[in-house]
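*Asks:* With the hints as constraints, model all of the structure from the sequences given.
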Amino acid sequence: MFELRQEILISTGSVSHSVNNLSIFFHEVEDLTLSCVIHKNQIATLSWDQGLNNFTCDNLPIKVNDSDAPIIVLQAKYCTPICRTFPLLVVATSKGIMIYDVRACKLLLWREMNDFVYRPETPFWNSEPARREQAYRFTKGITYMENLIVVGSYSGELLVFKCSGGDSVTFEGSVQEHDFAIADIATCHSDDLTCSCDVSGNIAVWVKNFKSARKKFSTGHEVNCINVLRRQVIIGTFVGHLLFYSTLNGQLMAEVDAHIRQINAIAVAPESAFIMSVSDDTMVRLWKLHTRKPGASRVEWLFNKRVENMPLVGAQFVNGRGSEFVVAAYDYSKLLYYHMVKKLPARRTGS
Numbered sequence: 001m002f003e004l005r006q007e008i009l010i011s012t013g014s015v016s017h018s019v020n021n022l023s024i025f026f027h028e029v030e031d032l033t034l035s036c037v038i039h040k041n042q043i044a045t046l047s048w049d050q051g052l053n054n055f056t057c058d059n060l061p062i063k064v065n066d067s068d069a070p071i072i073v074l075q076a077k078y079c080t081p082i083c084r085t086f087p088l089l090v091v092a093t094s095k096g097i098m099i100y101d102v103r104a105c106k107l108l109l110w111r112e113m114n115d116f117v118y119r120p121e122t123p124f125w126n127s128e129p130a131r132r133e134q135a136y137r138f139t140k141g142i143t144y145m146e147n148l149i150v151v152g153s154y155s156g157e158l159l160v161f162k163c164s165g166g167d168s169v170t171f172e173g174s175v176q177e178h179d180f181a182i183a184d185i186a187t188c189h190s191d192d193l194t195c196s197c198d199v200s201g202n203i204a205v206w207v208k209n210f211k212s213a214r215k216k217f218s219t220g221h222e223v224n225c226i227n228v229l230r231r232q233v234i235i236g237t238f239v240g241h242l243l244f245y246s247t248l249n250g251q252l253m254a255e256v257d258a259h260i261r262q263i264n265a266i267a268v269a270p271e272s273a274f275i276m277s278v279s280d281d282t283m284v285r286l287w288k289l290h291t292r293k294p295g296a297s298r299v300e301w302l303f304n305k306r307v308e309n310m311p312l313v314g315a316q317f318v319n320g321r322g323s324e325f326v327v328a329a330y331d332y333s334k335l336l337y338y339h340m341v342k343k344l345p346a347r348r349t350g351s
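Its first residue numbered 1, the sequence shown is counted upward by one per residue in the UniProt record's numbering.
It is worth saying that the hints were derived from the structure and are not from the lab.
Any given hint could turn out to be false.
[To be verified] Pairs of lysine-lysine residues, derived as DSBU-like cross-links and limited to a Cα-Cα distance of at most 30 Å, are as follows:
| id | residue 1 | residue 2 |
| --- | --- | --- |
| 1 | Lys215 | Lys162 |
| 2 | Lys216 | Lys305 |
| 3 | Lys40 | Lys215 |
| 4 | Lys106 | Lys208 |
| 5 | Lys216 | Lys288 |
*Replies:* Structure below.
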């Protein structure tokens, strides 16, 4: 069904072991694909055309005010507000949030994390004061909706930024529906639906302007990553399970024992309802979500590929059809580009 088309060299280094460590943006008008991965305090930015030619690879060192103070990049993602034709690069770090103009490599905004705020209801507050801030100050989880960019934080807050066109990006404020650190945030743009999840498995389904959550529920699982497809939030756990929950009522719709190690990324292709999961177990697995009304959802296995001796930390479809995808492996200096080699055979759907 899929085969390796090409290995794309990351000439500036390798890939860190971070969740969701791959971002892809396809610019159809310019016939250009952008990609980025992180390695410690650096981001490798790559580009190529649709024929997998004209490769470029650059290195973006992440520093705070040109100092040598240690900083760790936890996630980098391309975000395209509707007021722009070319994406912004949003970077979540151990110190705060940076937003770059991709073409100019120009820093548009730097938002440093505030000091730790006392939250007596937060379970980890009982730790020693000197260790609390060091252990829990970070940003993680990036998404966007229309002209708003949203980044999660160690305190459970979502930090909201507004893009007003050109190079104008401003901090709008923060909202909080979580008492634990944010694990991931994901948006289904076709449904205008955003979900956030904290490390304890609590899900918040947000209204479009991020003023409040319209639904909250608990999964009871420790979550590493999520995504959203067809009004279901898909969570990946540390024990390799994929779980599908309705964003309407919080009901568990389907469960799959997908991997034998933690799931590090979940990608979706909205047009085909394909889902891809990758894990420390070195496996790429593809699924298809079938939804029926009424009745439970069905998850169909489509494809799997083992990448020998390579824990997989990032995965993204190149287009909404799911006909091509890219995978990133820990401590490996190449991206793995797969494409569909034949159409799916007709399958009978059980009653």
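*Asks:* Taking the hints in turn, state whether each one holds.
*Replies:* Quick rundown of the hints versus the structure:
Between the alpha carbons of Lys215 and Lys162 the distance comes to roughly 23 Å, so the proposed pair stays at or under 30 Å and holds. Our distance criterion of 30 Å between C-alpha atoms is broken by Lys216 and Lys305, whose separation comes to about 35 Å. Between Lys40 and Lys215, the direct Cα distance comes to roughly 35 Å. Violation of the 30 Å bound is thereby established for this hinted pair. For the suggested pair Lys106 and Lys208, the alpha carbons sit about 29 Å apart, so the restraint of at most 30 Å is met.
Our distance criterion of 30 Å between C-alpha atoms is met by Lys216 and Lys288, whose separation comes to about 26 Å.
In this structure, the hints that do not hold are numbers 2 and 3, in rising order.
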